[in-house]
Each structure stands twice: as structure tokens, then as C-alpha cells.
Amino acid sequence: MSSQLRTRSPQNAGEGAIIEALAQEAVMSQPALHYRICHLCEAMCGVVIEHQDGEILSIKGDKADPFSGGHICPKAIALKDLHEDPDRLRRPMKRVATGWVEVSWEEAFDEVEKNLKRIRHQAGGESIGVYLGNPTVHTPALLAVPAFVHALGATQRFSATSVDQLPTMVANQQLFGHQLLFPVPDLDRTDYLLIVGGNPAASNGSLMSAGDVMGRIKGIRNRGGRVVVVDPRLTETALKADDHVFIRPGTDFFLLAAMATEMFDRGLVRLRDLEHCVEGLVELQQALAPFTPDTVAEVTGVAAERIRTLAADIAMAECAAIYGRVGACTQEFGGLTAWMLHVLNILTGNLDREGGMMFATPPLDLVGLGSPGSYGKQRSRVRQLPAFSGELPVSVMAEEILTPGEGQIRALVTHAGNPVLSTPNGQQMDRALASLEFMVSIDIYINETTRHAHFILPPVSPLERSHMEVGLSPLMVRNAAKWSPALFEAPEDSRQDWQILNELTQRMSSTNAVQRVARRGLQLVVDQLGLDTGLDLLLRTGPYGTHAALSKKGSTPVQKLLAVVRPKDGLSLKKLHENPHGIDLGPLRRQLRKRLEEKRRKIPLALPLYLDDIPRALERLLPRQPGELRVIGRRHVRSNNSWMHNSHRLVKGPNRCTAMLHPDDAALLGIANGMNVRVQSRVGAIELPAEITESVMPGVVCVPHGFGHDRAGVKLRVARKEAAGASLNDITDDRFVDVITGTAVLNGVPVTVAPMA
490 MSSQLRTRSP QNAGEGAIIE ALAQEAVMSQ PALHYRICHL CEAMCGVVIE
540 HQDGEILSIK GDKADPFSGG HICPKAIALK DLHEDPDRLR RPMKRVATGW
590 VEVSWEEAFD EVEKNLKRIR HQAGGESIGV YLGNPTVHTP ALLAVPAFVH
640 ALGATQRFSA TSVDQLPTMV ANQQLFGHQL LFPVPDLDRT DYLLIVGGNP
690 AASNGSLMSA GDVMGRIKGI RNRGGRVVVV DPRLTETALK ADDHVFIRPG
740 TDFFLLAAMA TEMFDRGLVR LRDLEHCVEG LVELQQALAP FTPDTVAEVT
790 GVAAERIRTL AADIAMAECA AIYGRVGACT QEFGGLTAWM LHVLNILTGN
840 LDREGGMMFA TPPLDLVGLG SPGSYGKQRS RVRQLPAFSG ELPVSVMAEE
890 ILTPGEGQIR ALVTHAGNPV LSTPNGQQMD RALASLEFMV SIDIYINETT
940 RHAHFILPPV SPLERSHMEV GLSPLMVRNA AKWSPALFEA PEDSRQDWQI
990 LNELTQRMSS TNAVQRVARR GLQLVVDQLG LDTGLDLLLR TGPYGTHAAL
1040 SKKGSTPVQK LLAVVRPKDG LSLKKLHENP HGIDLGPLRR QLRKRLEEKR
1090 RKIPLALPLY LDDIPRALER LLPRQPGELR VIGRRHVRSN NSWMHNSHRL
1140 VKGPNRCTAM LHPDDAALLG IANGMNVRVQ SRVGAIELPA EITESVMPGV
1190 VCVPHGFGHD RAGVKLRVAR KEAAGASLND ITDDRFVDVI TGTAVLNGVP
1240 VTVAPMA
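The numbers in the working numbering rise by one with no breaks, and the one at position 551 of the sequence shown is 1040.
FYI, nobody ran anything at the bench for these hints, they're computed from the structure. Owing to the predicted nature of the structure, the values given are computational and were not obtained by experimental measurement. Be a bit skeptical, because a hint or two may be false.
Taking lysine-lysine and the DSS-like style, the derived pairs with C-alpha atoms no more than 27 Å apart in a straight line are [stated by the list, open to error]:
| hint | residue 1 | residue 2 |
| --- | --- | --- |
| 1 | Lys1210 | Lys583 |
| 2 | Lys729 | Lys552 |
| 3 | Lys569 | Lys1091 |
| 4 | Lys1141 | Lys1210 |
| 5 | Lys707 | Lys552 |
| 6 | Lys603 | Lys583 |
| 7 | Lys549 | Lys569 |
| 8 | Lys569 | Lys552 |
| 9 | Lys583 | Lys606 |
| 10 | Lys549 | Lys729 |
| 11 | Lys549 | Lys707 |
| 12 | Lys1204 | Lys583 |
| 13 | Lys1088 | Lys866 |
| 14 | Lys1141 | Lys1204 |
| 15 | Lys1063 | Lys549 |
| 16 | Lys729 | Lys707 |
| 17 | Lys552 | Lys1063 |
| 18 | Lys1204 | Lys569 |
| 19 | Lys552 | Lys1064 |
| 20 | Lys569 | Lys1088 |
| 21 | Lys549 | Lys1088 |
| 22 | Lys549 | Lys1091 |
| 23 | Lys729 | Lys1141 |
| 24 | Lys569 | Lys866 |
Ranges of calculated distance between the beta carbons of each label pair, as one might list FRET restraints [said to hold, decoys possible]:
| hint | residue 1 | residue 2 | range |
| --- | --- | --- | --- |
| 25 | Arg712 | Arg1171 | 45 to 51 Å |
| 26 | Ala1246 | Gln1114 | 49 to 55 Å |
| 27 | Arg1109 | Pro861 | 48 to 54 Å |
| 28 | Gly769 | Arg579 | 25 to 31 Å |
| 29 | Lys729 | Glu573 | 43 to 49 Å |
| 30 | Glu1086 | Glu981 | 52 to 58 Å |
| 31 | Asp802 | Pro1112 | 35 to 41 Å |
| 32 | Arg759 | Ser547 | 25 to 31 Å |
| 33 | Lys549 | Pro779 | 28 to 34 Å |
| 34 | Glu1108 | Arg1171 | 15 to 21 Å |
| 35 | Glu1067 | Arg1109 | 56 to 62 Å |
| 36 | Asn1162 | Glu787 | 50 to 56 Å |
| 37 | Glu1067 | Gly543 | 44 to 50 Å |
Ideal Cβ placement from N, Cα and C applies to all residues, glycine included.
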């Protein structure tokens, strides 16, 4: 910057001009502050980045951020590592016989277009698959995805949803009428928080966006409330709670059903304001009757009296929130568990009530603009597992690639995903991707998945683009809005995610197809107006922007949006730009009953989709067999699934990729602390050190997910050298799924453990 300033100064300038130029240079070279959202997880913490002459000097929490109040975790500081990482791709890459070579964007787009169109022409849209990784939801490029998928003609869509929150989304759609109506804990006002299979101290909150989530949970206890954690492991969150309940993996439904039965039997059900909003209460009581505290005690490992106490405490609390996360979803009865979590919040009258489970009112109205969701309209070709909202469970993706016949996937597009490490039976997924006729990845790394791609199209650094939370905004525990401008200017001839997707959309579409997709609403704003302008229009027409109806003038959605009359005080990008720390939009407020009235519907508690799965659960009311071991996953606050292990500051310290075992199991198997062990399932085996600890209950093996960076061809130097580890998903079973949703079972897979010689 300073050299450019000198170049622009006149050669024969007078002394005054020289002094002025030097003064300007001195000012420009002073450290500056940049405010933005950390986009790495769901917490949405505000950060302040001190920078000078294109260099990041420090990253700290933004104390003036109304949502996070200055809290950050170690991952936020690693934004510097991510931006500067020498392994991060800056140019399109093509795989050739001798390795990887850089190519121009034009060449890459031409080759991708040619190959995808060729395969689509030969075998139709069913021969093309799309996989979207978790980070897709953490970027506004999410708005460009639907049009891209439709332009591509791909009928086999997959994402990280079905190894994460799919059962909750199905339950949202079935009970409340929309997949994006996520109930979140009203942490700032609740008296009682029950956490089932969640560990916010490590995740920073999941399906619960809460800056400084543990500070908010501490606040519950400080004001005399109670926090209880149900988990097979004494997690970091459980250590800071009032109580921890050990439970055997995959049995959360039995516990929740027994709690509901106890409430029915003791007259503790109180629907409160929901009394006229529900139907099927009698049928629900009859269906759950076999699950009593006494009948489920042995299978869950939770004493009957403990279950009765839990039920009574929650039922009699003035306000309570029952919250479940990944551990509750990714198990054998994930569908039933997600359903029961909603049901218990209803039976206690705590749904859509202050201090209970409430619904956010985000600045972008995704519920109003997005699809309500659909269940079972499509089935997978090989195993006939159900699709949800047009998306198939990722547990079938490998077999749909490997199984010959009509409809076999021959080409695949991935966006910000690493299914080799994040989906079940990773070794099979490896073989499947290697067999593809053509593959293209939109990604910033050559990782365990993208090493199989023929082309990798890398977007710019997150600090080289503007940012606003779109997909995560319905999960906020307090309504807020924040927009982050780009910190650095993007390099010449680079692309943002949405620009890459739009280029491919245009190349793969006919004009008529583009127009049809545009009528879907969201993506046309990005496509025709650009990302920031599109976000501005969505803000202005959202819940906090304007109350004026859309003009009837104009034939296209864009013309109608442009014709909106906006009040001066409406939320807009300009207003957010003037408030760089963000804007507080107030606490969560009641809204479900109004939505139900508008749709003229009630909440159906006794849905056949769930009642039909209860006989399967009754068959599992069996005691644990002696010596039986089941594996569960775990995460760490310094990890971010599989893709932040290339930051030295995050992976330094003791090895975190260990197999936790209870001392009783270790003694029985002859395993000492630190000894290498072999953990084996039906589909494969991994080797890693044992960690003997009483923080897991007997019968449980706990292995972190996201590791396994030692595969050939991975270009992640820090991850390979300092955090290779072993992949939990090399032993999770693609055939072991939740029957209702097809969600992969990542918690509760039967395994054997043996010491290495």
C-alpha cells in the first residue's frame, strides 16, 4: 500500500505535497479494526480483527457484539491460519496422470460443463449426484444452491444433514408443518434445561445458535435454575451442569417415552396454552404405555426412580426446555427420539412459551420463502430408503455409485464436503469416489474426498468476501442481525462460492430452465442482482424490513421486489453497515399458534410415521449382553469436524484421537492406558491409543470424529503430520440406519476392542 502511494505522488511535487503524501501514508499504515461474524460454527460470535497492510495482527472477541458479548473460542483465532494457509487452493486445479496442475477458470468451467452435459445426455439427471457439506450452510452461497441443483438436473442429492439433524427436520415438518421451524431453548429465560446427546461446551451450541452458550447456561444456574445432561459420557458440558445421567447409546427414546408415560400416569401433563393446539393425546398415551420407568431401566442403564424424578422435575418446573442434539439424532431410533423431544416439550406446555423451546424470528424469513419440506416422495434406487425434501440419506450414496444399472451415479459434484471422513463406511466411500466417471469439487483443499475429483474449483478466503448468516439464522436463541463486509480485497481473477455456482448454473441451464428456477424465489436475487444487493432486498422484505405488501406491478419476482415501498426505519444492509457490531432484535417471541391458525391445523401428536416404528422399539427392550461394546463419537472445541486440522494452533497439544474405555472394560480386555487397540465393526477396523477413564460408562467406546488424514494424496501438511489419527467413520456401518429417516447410526454401533500386539 505504501509503495503504491509513493508511485502515485508527483515526481516534482513541492515540499507541502510531499509532507501531505507522507502523512497520508502514515495514516494508511496504522493498524485498523475490522468487525465481523466468525462463520466457523453455529455460535455466530462477533470478532474484531486488527490488521495492517494486509496482515492480520490479532483476532479477539467483539465485546460490543450484542449477541456474543466478546466470547470466542480457539477456532475464531484460527481464521488467520485459514486465510494464510499455504495448502489452501487459490486457483482451479485439474488432476492429471502426474498429479495436480493449475488451470484457468475458463478451461475449468469448459471442461466441467462438457463432461457433466455429456453424462447427463447419455444417462439422464439420475446419473449425476450432488453432495453438500456442513460449511455450505455457513455461507450466503446457500442461496445459490437450489438453482444450481435444478439446472444440473441432478435427481440424487445428498448432504451432511443425514449424518446430523435430519430426524429433527422431519419432526419439525411432521408436527409443525415446516422443516425450518426449529424450536430452540430460550436459554436467557428458562429455569430448567435438559440436554440429551448434546455437548455445547465443545460444539458452542448446535441447532442452538448462542454466542457464549456456556455463559448463558451458567446464567441458568446463577439465577437458581437447573441444568441436567443425559449422555453416555461425562462430557465437558456435563462437568458444568447440576447433574449428569449416564445412558446407554441409542436408548434415548426409551428414556423419553418412559418420562412421558410417568407424566400421564401421575397426572403431570399440563398443556397450558397448547391445549387447543394439539390432537391425538389419547392415542399417544396408549402407544407409549408399554414404556414405563421399570420396563426401560435395564435397557437404558438409568434407574427407574431416576427416570421418575426427571419426569416430575421437568413437569413441575415453571418453565423448562428439553433439547437434544447429534447424539439424539444419529442413533438407531433417531426418528423416534426427535419426535419424543418435541412431544415432551408439548406435554409440559413448554413449546412456544417463554423459558421453554421457542422459535426465532430471523431477519431473513426462510420459513416464508423456503419449502415446508416433504417426506418419502422419492426412494433410493438400491435400498429404497426415503428422501426428505428431495434429498436422499447419505448412507446410500456409495452404493448408488457402485451398483450398476439404470440410475447409477456416474458423476458427482461436491460443495464444501468431505464424505470420506464424515459419512458411514468411509473405506467404501473412498472406493466409490475413485470409481466415478467424473467428479468436480468446490473446495479450498485437496482433502480425503476432493483428491478423487477431476477438477477442484476453490472459492476465495472467507475474509475476502462479505458474510451474513442465512441458513443458521432460524436457530438463534435471541433475535439479532449482523453483516460483515470483506476484510481484504479478493485477488484478481478469483471467485466466490456463489459466483462459481452461478457460472455453472448458467452453463448447465437452458433459458427456460433458468426462468423456471428463478420463480422459486431466493436464488434469482443472488443471480440477477449480486449477493449483497440480494441480501439487502431480502432484509428489506423480511420481518424487520417493511410491512408493505409487494407491488402487483412487474411480471418477475425481481421487479416485484424492487417495487417494494420501504419505511425509513426498516432493516437493510445500509443499516447493518452503520452498526458494525450487529443489531439486537429482541428476545424470542411466541409465534407457533399464529402459524398453526393461519394454516388451520393442529399439532398431530400420534403420527402413524412414528407409531408404526414403536413395535421395532419394543423388540429392543432387552438387557445389555455381558461384554457388549458400542462406539460413540465425540467432538472437541478445537476441532471443526474434519476440516480445521490444518491449523497448528488448533491441533497442538496431547493427542485427542483416542479410544476412551471404562476401567472395568479395559481390565476385562487386558488393555492399559496408552496401549494401541484395534476397534472393529462389521465394515472395518481402526487402530488408535486407548484412554482409560471413568468419564464413559461401561460398555461404551468413545472415538472422536473427523480424523483420518493419512490417506494417500491428501495435501494437508499439518493435518497429516500432527493430527492424522483414525477415522471413526471407517467403522460406522452404512447399513445401520434409523428406519424412519435413513439417518446413519454414528452412535451405538456394535464393536469389538482388542489390544495390539
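Structure-based check of each hint:
1. Lys1210 <-> Lys583: holds, 25 Å
2. Lys729 <-> Lys552: holds, 24 Å
3. Lys569 <-> Lys1091: Cα-Cα ~49 Å, so violated.
4. Lys1141 <-> Lys1210: holds, 11 Å
5. Lys707 <-> Lys552: holds, 18 Å
6. Lys603 <-> Lys583: Cα-Cα ~14 Å, so holds.
7. Lys549 <-> Lys569: holds, 11 Å
8. Lys569 <-> Lys552: Given that 27 Å is the threshold and the Cα spacing comes to 20 Å, the pair holds.
9. Lys583 <-> Lys606: holds, 18 Å
10. Lys549 <-> Lys729: With a Cα-Cα distance of about 25 Å, the restraint between Lys549 and Lys729 holds, given a limit of 27 Å.
11. Lys549 <-> Lys707: Holds, at roughly 22 Å.
12. Lys1204 <-> Lys583: holds, 14 Å
13. Lys1088 <-> Lys866: Answer holds: Lys1088 to Lys866 is near 22 Å, not above 27 Å.
14. Lys1141 <-> Lys1204: Between Lys1141 and Lys1204 the Cα gap is close to 19 Å, so the pair holds against 27 Å.
15. Lys1063 <-> Lys549: holds, 25 Å
16. Lys729 <-> Lys707: holds, 8 Å
17. Lys552 <-> Lys1063: Roughly 22 Å between the alpha carbons, so the hint for Lys552 and Lys1063 holds.
18. Lys1204 <-> Lys569: holds, 19 Å
19. Lys552 <-> Lys1064: holds, 20 Å
20. Lys569 <-> Lys1088: With a Cα-Cα distance of about 47 Å, the restraint between Lys569 and Lys1088 is violated, given a limit of 27 Å.
21. Lys549 <-> Lys1088: violated, 45 Å
22. Lys549 <-> Lys1091: It is violated: about 47 Å lies between the C-alpha atoms, which goes past 27 Å.
23. Lys729 <-> Lys1141: Holds, at about 25 Å.
24. Lys569 <-> Lys866: Given pair Lys569, Lys866 is violated - Cα atoms ~44 Å apart, limit 27 Å.
25. Arg712 <-> Arg1171: 45 to 51 Å: Holds - the Cβ-Cβ distance for Arg712 and Arg1171, about 48 Å, lies within 45 to 51 Å.
26. Ala1246 <-> Gln1114: 49 to 55 Å: With a Cβ separation near 27 Å, Ala1246 and Gln1114 fall outside 49 to 55 Å, so the hint is violated.
27. Arg1109 <-> Pro861: 48 to 54 Å: violated, 32 Å
28. Gly769 <-> Arg579: 25 to 31 Å: violated, 56 Å
29. Lys729 <-> Glu573: 43 to 49 Å: violated, 34 Å
30. Glu1086 <-> Glu981: 52 to 58 Å: holds, 54 Å
31. Asp802 <-> Pro1112: 35 to 41 Å: violated, 27 Å
32. Arg759 <-> Ser547: 25 to 31 Å: 52 Å Cβ-Cβ, so the 25 to 31 Å window is violated.
33. Lys549 <-> Pro779: 28 to 34 Å: violated, 55 Å
34. Glu1108 <-> Arg1171: 15 to 21 Å: Because 20 Å falls inside the window, the suggested range holds.
35. Glu1067 <-> Arg1109: 56 to 62 Å: Given about 57 Å between the Cβ atoms, the range holds.
36. Asn1162 <-> Glu787: 50 to 56 Å: violated, 30 Å
37. Glu1067 <-> Gly543: 44 to 50 Å: Hint violated: Cβ distance 26 Å, outside 44 to 50 Å.
Of the numbered hints given earlier, the model fails hints 3, 20, 21, 22, 24, 26, 27, 28, 29, 31, 32, 33, 36 and 37; all others are met.
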